[in-house]
Amino acid sequence: MAETADRSSLARSAAVALTTERRSGMPRWQITAISLAVMLTLWEIFGRQINPVFGSYPTAIAAAFWDLTLSGELEKALIQSLQPFCVGFGLAILVGVPLGLVIGRFRAVEAAIGIYVTAGYAMPLVALVPLLMLWLGLGFAVKAAVVMLMSLFPICINSWLGVTAVPKSLIDVGKSFVASDQTILRRIVLPATLPYIMAGIRLAVGRGVVAMIIAEFFTALSGLGAVIINSANNFDTARMFVPVVVLMVLATALNALIGAIERRVAPWQAEIAGRDRR
Amino acid sequence: MGEVSLIDVTKHFTLRVGREAHTVRALEGVSFTVRDGEIVALIGPSGCGKTTALRIAMGLETATAGRVTVDGKEVRACGHDRGMVFQQAELLPWLTAQENVEFGLEMKGMRGELLHQTARRYLELVGLQASSNRRPYQLSGGMQQRVGIARALAIDPKVLLMDEPFGALDAQTREGLQAELLDLHARTQKTILFVTHDLDEAVVLADRVVVMREGRVRETIPVPLPRPREDPATVRGRPEFATTRYQIWRAVHDLPVTVH
Numbered sequence: 001m002a003e004t005a006d007r008s009s010l011a012r013s014a015a016v017a018l019t020t021e022r023r024s025g026m027p028r029w030q031i032t033a034i035s036l037a038v039m040l041t042l043w044e045i046f047g048r049q050i051n052p053v054f055g056s057y058p059t060a061i062a063a064a065f066w067d068l069t070l071s072g073e074l075e076k077a078l079i080q081s082l083q084p085f086c087v088g089f090g091l092a093i094l095v096g097v098p099l100g101l102v103i104g105r106f107r108a109v110e111a112a113i114g115i116y117v118t119a120g121y122a123m124p125l126v127a128l129v130p131l132l133m134l135w136l137g138l139g140f141a142v143k144a145a146v147v148m149l150m151s152l153f154p155i156c157i158n159s160w161l162g163v164t165a166v167p168k169s170l171i172d173v174g175k176s177f178v179a180s181d182q183t184i185l186r187r188i189v190l191p192a193t194l195p196y197i198m199a200g201i202r203l204a205v206g207r208g209v210v211a212m213i214i215a216e217f218f219t220a221l222s223g224l225g226a227v228i229i230n231s232a233n234n235f236d237t238a239r240m241f242v243p244v245v246v247l248m249v250l251a252t253a254l255n256a257l258i259g260a261i262e263r264r265v266a267p268w269q270a271e272i273a274g275r276d277r278r
Numbered sequence: 001m002g003e004v005s006l007i008d009v010t011k012h013f014t015l016r017v018g019r020e021a022h023t024v025r026a027l028e029g030v031s032f033t034v035r036d037g038e039i040v041a042l043i044g045p046s047g048c049g050k051t052t053a054l055r056i057a058m059g060l061e062t063a064t065a066g067r068v069t070v071d072g073k074e075v076r077a078c079g080h081d082r083g084m085v086f087q088q089a090e091l092l093p094w095l096t097a098q099e100n101v102e103f104g105l106e107m108k109g110m111r112g113e114l115l116h117q118t119a120r121r122y123l124e125l126v127g128l129q130a131s132s133n134r135r136p137y138q139l140s141g142g143m144q145q146r147v148g149i150a151r152a153l154a155i156d157p158k159v160l161l162m163d164e165p166f167g168a169l170d171a172q173t174r175e176g177l178q179a180e181l182l183d184l185h186a187r188t189q190k191t192i193l194f195v196t197h198d199l200d201e202a203v204v205l206a207d208r209v210v211v212m213r214e215g216r217v218r219e220t221i222p223v224p225l226p227r228p229r230e231d232p233a234t235v236r237g238r239p240e241f242a243t244t245r246y247q248i249w250r251a252v253h254d255l256p257v258t259v260h
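Protein chains in written order, with my numbering: chain W, 1 to 278; chain U, 1 to 260.
Pulled out of the complex, with its shape left as it was, chain W reads as follows (with noise of 0.2 angstroms):
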């Protein structure tokens, strides 16, 4: 018995080693910055063939953002946006998640509350802006409640869609072992529904930046909003380009760190699915 044992645990490890072997071929990120470079290279070329109200290019939106930065007017807006976008998205995760994990697993919370974050997530948030900057002001408040918002709905729906996916075969062996309804929901429904929380948090990133740039238009007193709007109305389009691209650029950063974050917490995931495309 212990013999086929290991050889079946042999046969296994060599197994695993394919899979982890590295594929020949051009590295990922490679590939993405040579799509990068020509992709900007084309930007450049048509770029300069238009008006430079109606348009900008790669080069100027990069002199421009040198001016931005010398003049720290760069710095003082990203920091004015960033403070309340952390601040909302942290508490949209901070509710989210545990709204979600509940509304899933218990039916009676799920028929109570269940509605208002699907009909939430449908809200035209844009319409409610005024209102909310009539009860929170033009600062700080207003636009991390704006983030939040925005950020809330695709997190929590995420958190609840991933505990109805959990098998019920997991919850069982929480019963047969004597756990309790709180026990199964840490240990068991919160590790199996990670992946989902983590697409949700993903999916959020996006909006929640989508948010923050529109409570900044709406007060268009502060923060990369304030950029973009100002600029536009002076007809500087390279210079209204620069919050956009470095807003986006640190979207994709934001992203790739939750992917990593993801990895580390969750890894069995990766390894389940296999990710292993061409």
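Since the hints were derived computationally from the structure, they do not count as laboratory data.
Among these hints, one or two may not hold up.
In silico SDA-like links for lysine to any residue, alpha-carbon gap of 20 angstroms or less [said to hold, decoys possible]: (1) W:Lys168 / U:Ala77; (2) U:Lys108 / W:Thr183; (3) U:Lys108 / U:Thr96; (4) U:Lys108 / W:Ser180.
A few chain W positions that, by computed beta-carbon distances, are all more than 12 angstroms from chain U [unchecked claim]: (5) Met26; (6) Val117; (7) Ile184; (8) Leu194; (9) Ala266; (10) Trp268.
Where a beta carbon is used, it is the ideal one built from N, C-alpha and C, also for glycine.
Got chain W sorted already, so can you dock chain U onto it with the hints?
This is chain U only, laid out in the frame that chain W set:
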């Protein structure tokens, strides 16, 4: 001690097909006892209610009527006096083999160094000490089920309940694990109730075979093979093996037991 009895257990549930509601009679007055240290196999065609009976014995489902007792005391919910082994092992994928065994023990309130030691001892018992740090997806199906068995045995239950524990494994691995289970039983003398649809498995492992059909116990067939059992290869060659297997086969197929 470890004796589990189902007494007159009935289970009905409502199944909605389109607009019609059907009452499904999954179990009708099922009674049998697994005596202390005995291995009993629950066999029957699929849909006969054998898994439902086992899940009611575990407390994962409630009976419409009837009682389940362990050592004469009625049980109404899951308890540490019964250990469950699931069909697909059902290990928690984010935990290592060691941590999966520890999970069951922690639910029993065990902590600290004793927890680690106990889990390690049971992994050794099923021959997996070298793989204790692997996660389930790094283990073969047979190894996963051994962890499942270790997890259930570790809480030292009075009764081990197994739901087609080897049904998802290939024939070779299955036979290996059957031999291993016999060995475990010889060493621990645990009372075992297991569900299977495999006639050979029932004869090789069990002292008695309870045959179910359409939610009722139709027959209980004793297996006239001595304990401790010889290794399964030898057992399969014995004439009693063939006759008992044939007897069970006729009972499962609802044919009268007449040997020509």
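Evaluated hints:
no. : hint                : in the structure
1   : W:Lys168 / U:Ala77  : 17 angstroms, holds
2   : U:Lys108 / W:Thr183 : 12 angstroms, holds
3   : U:Lys108 / U:Thr96  : 19 angstroms, holds
4   : U:Lys108 / W:Ser180 : 11 angstroms, holds
5   : Met26               : 29 angstroms, holds
6   : Val117              : 26 angstroms, holds
7   : Ile184              : 10 angstroms, violated
8   : Leu194              : 8 angstroms, violated
9   : Ala266              : 7 angstroms, violated
10  : Trp268              : 5 angstroms, violated
Checked against the numbered hints given earlier, the structure breaks hints 7, 8, 9 and 10 and satisfies all the rest.
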